[in-house]
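All chains, full assembly: derive it from the sequences and hints.
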Amino acid sequence: MICYLVEATLSGDGERLKSYTVAVEGLGRSPDFDPQVNTYARVLVARLRRRLDDFYREDGADRPWRLDVPQGSYQVMLVANGPSIAARSAPEAEQGHGDHTRSAWRKWRNVAALALTAMVIGALASIWVYREGTVDGSWQNSDFPVLLIETVPPANPARQLQLDTFAEDLAKAMAKYETAQVADAPTANVTHKVRIASVSSPNDDVVVLELIDLRDNKRTVVDRLELPPLASSAATELAKREAFKMFGFSGIVHVEARARGGEPDTPYRCWLRFSSALMVSGALRDDKLKACATAWYEQSPNNAMAISLYGWVLANNSIVKPLESQRKAALDDAARILERAKVINPGSRHILLSLARVHGQRGDVAAMRQGLAQLRSGDLLNPDFNGAVGVLMTLGGDQQGERLIDEAIATHPMTPPPRYYLGKFVAAMMRDDVAAAGRALAIISAGDQTSAWSDLMRAAYYARIGQIDQARANWEHSKSKRSITAWNDHSLIDRMPAAEPVKQRIRDWLKPILED
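Residue numbers for the sequence shown follow our numbering, so the first one is -2 and each next one is one higher.
Hints are computed from structural coordinates only; laboratory data are not their basis.
Please note that a few of the clues may not be correct.
[Unchecked claim] Quick list of in silico lysine to aspartate or glutamate cross-link-like pairs, DMTMM-like style, CA-CA up to 25 angstroms:
| no. | residue 1 | residue 2 |
| --- | --- | --- |
| 1 | K169 | E234 |
| 2 | K242 | E147 |
| 3 | K500 | D466 |
| 4 | K285 | E253 |
| 5 | K508 | D429 |
[Stated by the list, open to error] Quick list of simulated restraints, FRET-style, between CB atoms:
| no. | residue 1 | residue 2 | range |
| --- | --- | --- | --- |
| 6 | Y17 | Q137 | 40 to 50 angstroms |
| 7 | I462 | D161 | 49 to 59 angstroms |
| 8 | A407 | G435 | 16 to 26 angstroms |
| 9 | N153 | A433 | 49 to 59 angstroms |
| 10 | Q464 | E336 | 43 to 53 angstroms |
| 11 | Q68 | D466 | 36 to 46 angstroms |
| 12 | S322 | P498 | 18 to 28 angstroms |
| 13 | E497 | A180 | 25 to 35 angstroms |
Beta carbons are placed, not taken as given, at the ideal position from N, Cα and C, and that holds for glycine.
Structural data, given as structure tokens:
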């Protein structure tokens, strides 16, 4: 409740808050709620006032400032803490003290509003740190990896053509990734080198694919390969597979870059944070991702990757907006920006992915499916995109998404990210397959102990199998990670970026604890 009232106050909607607004938008009541008959909202706010008074009179007595919800209003004020405020039962303005009292009330309200604003500025300080630190134009300079592919002359000159042809196929496959650039010749900005070399063997068909990070001369053997015949489809598919090993979201190059650490204060490091969230945590309240994506977009508004990340962040923000009107406005803004970018950058898969997600959150399933179909078109072998598309489809109520997830798992050359299995869990839940849901949850939990998603899935699963205490613990943990949206139990589910049938099935599984 307090989170909803604070967010509404800070957004400038505090003065319009009435018992009906609080009940419907803040407490999840139906639109036909009648505040004249049902005093539910007023009773809860009165209880909130008493609890605030109790806290600041006891445990919070030494705090210089306190939150207050004045009688006759639903706005939240930040006021000086002291006996006078605790003893107040109603604003002096309601006691008929004339112009002097009204003037004092306006002054008190303005001071409180300024204090609340200062509170918000403190919470958003990290965003401004990023912006202040990047006004030198660093966001216009790409620091994404730059690759040079070279072949080592083989002992058998007849093999040179085969090595060169595979190198060309590999370059074509890598060129389809928005997160890397393939260089034609050695330059100062080349960060990685891919060496293709024959090795001694009885049939002389084996080659070693080696990745060298030129910044620290770290060498990684990507694979030992037997090259298929020239100009065969098998050779092309092999090149795509090896490119994905290096440059997929969880590819070798990006995994090593994440291991180096560092703040997301450049385009590439911002994308690394985004891709980590997409593949692992699914975090919605990531202030650093929000800060870097916003700074990148503001300074490079025509960059396809910057636009896609900014659209993704806007979609994240919509989930935690306290008012439905704010949620819709954030999604409309994201859709407008991404649709315009799609026209300019029709080949950007990142833009298509962000836009499909926004359509899904807006409830436009047809537009989401159309975007996902376009995303999957072409000849890019990328299990990460297939997995992300499959998850979006299952959340959108399309159970065909599970087939794409299974395909992504089967074709992934490494360990598939745990986020794939969120879609597997949803698909199993929708057909009430408890055993399959448990298997998916085990994989999600093994790789993701941090996000509210994993807690929510665990709560639903444990409630479904009757382990109520365990379910309740995970449910409370999930709510604590989304405090802005958790002003009532149902709002947490209502704000999920999922189709209504999926939300309803989650409610069904959680029924034993939601009815407590």
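Here's how the hints hold up against the structure:
no., hint, result
1, K169 - E234, "holds (11 angstroms)"
2, K242 - E147, "holds (18 angstroms)"
3, K500 - D466, "holds (22 angstroms)"
4, K285 - E253, "holds (20 angstroms)"
5, K508 - D429, "holds (14 angstroms)"
6, Y17 - Q137: 40 to 50 angstroms, "holds (49 angstroms)"
7, I462 - D161: 49 to 59 angstroms, "holds (58 angstroms)"
8, A407 - G435: 16 to 26 angstroms, "holds (21 angstroms)"
9, N153 - A433: 49 to 59 angstroms, "holds (51 angstroms)"
10, Q464 - E336: 43 to 53 angstroms, "holds (45 angstroms)"
11, Q68 - D466: 36 to 46 angstroms, "holds (40 angstroms)"
12, S322 - P498: 18 to 28 angstroms, "holds (25 angstroms)"
13, E497 - A180: 25 to 35 angstroms, "violated (49 angstroms)"
In the structure shown, a violation is registered for the earlier hint numbered 13 alone.
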